[in-house]
Amino acid sequence: MNWRLLTIIIASISLFGGQSIAAPPLTLSINCVKATNTVEINECTAREAKAADRQLNQTYQKLRPKLSTKQRQRLTQAQSEWIKFRDRTCEYEAGEWEGGTGASAAYSACISRVTQQRTVDLQRYLTK
7 MNWRLLTIII ASISLFGGQS IAAPPLTLSI NCVKATNTVE INECTAREAK
57 AADRQLNQTY QKLRPKLSTK QRQRLTQAQS EWIKFRDRTC EYEAGEWEGG
107 TGASAAYSAC ISRVTQQRTV DLQRYLTK
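If you use the working numbering, the sequence shown closes out at 134, no skipped numbers anywhere.
Since the hints were made in silico from the structure, they are not lab data. Computed from a predicted structure; not experimentally measured. There's no promise every hint is true.
Stated by the list, open to error - DSBU-like, lysine-lysine: derived pairs with alpha carbons at most 30 Å apart:
{"#": "1", "residue 1": "Lys-72", "residue 2": "Lys-56"}
{"#": "2", "residue 1": "Lys-72", "residue 2": "Lys-40"}
{"#": "3", "residue 1": "Lys-134", "residue 2": "Lys-56"}
Said to hold, decoys possible - Across the chosen pairs, the derived CB separations fall in these ranges:
{"#": "4", "residue 1": "Val-45", "residue 2": "Asp-93", "range": "39 to 47 Å"}
{"#": "5", "residue 1": "Leu-73", "residue 2": "Asn-43", "range": "39 to 47 Å"}
{"#": "6", "residue 1": "Gln-83", "residue 2": "Lys-40", "range": "22 to 30 Å"}
{"#": "7", "residue 1": "Gly-106", "residue 2": "Arg-78", "range": "18 to 26 Å"}
{"#": "8", "residue 1": "Asn-43", "residue 2": "Pro-71", "range": "22 to 30 Å"}
{"#": "9", "residue 1": "Thr-82", "residue 2": "Asn-43", "range": "39 to 47 Å"}
{"#": "10", "residue 1": "Leu-73", "residue 2": "Val-39", "range": "36 to 44 Å"}
{"#": "11", "residue 1": "Phe-91", "residue 2": "Thr-42", "range": "30 to 38 Å"}
{"#": "12", "residue 1": "Thr-95", "residue 2": "Thr-133", "range": "22 to 30 Å"}
{"#": "13", "residue 1": "Ser-74", "residue 2": "Val-45", "range": "20 to 28 Å"}
{"#": "14", "residue 1": "Lys-56", "residue 2": "Leu-132", "range": "28 to 36 Å"}
{"#": "15", "residue 1": "Gln-77", "residue 2": "Asn-43", "range": "43 to 51 Å"}
{"#": "16", "residue 1": "Gln-85", "residue 2": "Val-45", "range": "46 to 54 Å"}
{"#": "17", "residue 1": "Thr-95", "residue 2": "Leu-132", "range": "17 to 25 Å"}
Each residue gets a CB set at the ideal place from its N, CA and C atoms; glycine is no exception.
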């Protein structure tokens with residue numbers, strides 16, 4: 007099970023590496039690449055999710071001052087709704103592992119992947 011989960015995690019983290027306006031790629035530390043047990047995998051995926059969230063927040067903060075008041079309000083509302091969507095989506099994906107040791111890592115890997123995609127979306131708004 008650990009190899010399957012690790013493959014999913016690494017694939018999801020590197021999914022957006024080839025996009026030209028993608029968020030700076032998240033790099034796995036050597037310890038994460040060699041993670042073999044549930045505790046290590048959970049720690050690594052949680053760390054990657056936090057890094058993706060930091061990148062998203064930085065991009066969001068760069069975008070806000072460039073918007074009109076009305077657009078800023080719309081973005082704030084959209085972001086609030088998007089966070090709910092992300093969390094529910096990842097709860098659903100992690101549900102495949104419900105009751106198992108892979109649920110936490112699956113949730114964090116999903117958070118990382120979906121958050122990276124949202125960062126790409128916000129970066130597109132910055133370039134307009």
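Okay, the hints, checked on the actual structure:
no. : hint                            : verdict
1   : Lys-72 with Lys-56              : holds, 25 Å
2   : Lys-72 with Lys-40              : violated, 42 Å
3   : Lys-134 with Lys-56             : holds, 27 Å
4   : Val-45 with Asp-93: 39 to 47 Å  : violated, 23 Å
5   : Leu-73 with Asn-43: 39 to 47 Å  : holds, 45 Å
6   : Gln-83 with Lys-40: 22 to 30 Å  : violated, 42 Å
7   : Gly-106 with Arg-78: 18 to 26 Å : violated, 42 Å
8   : Asn-43 with Pro-71: 22 to 30 Å  : violated, 44 Å
9   : Thr-82 with Asn-43: 39 to 47 Å  : holds, 41 Å
10  : Leu-73 with Val-39: 36 to 44 Å  : holds, 39 Å
11  : Phe-91 with Thr-42: 30 to 38 Å  : holds, 33 Å
12  : Thr-95 with Thr-133: 22 to 30 Å : holds, 26 Å
13  : Ser-74 with Val-45: 20 to 28 Å  : violated, 48 Å
14  : Lys-56 with Leu-132: 28 to 36 Å : violated, 22 Å
15  : Gln-77 with Asn-43: 43 to 51 Å  : holds, 47 Å
16  : Gln-85 with Val-45: 46 to 54 Å  : violated, 32 Å
17  : Thr-95 with Leu-132: 17 to 25 Å : holds, 24 Å
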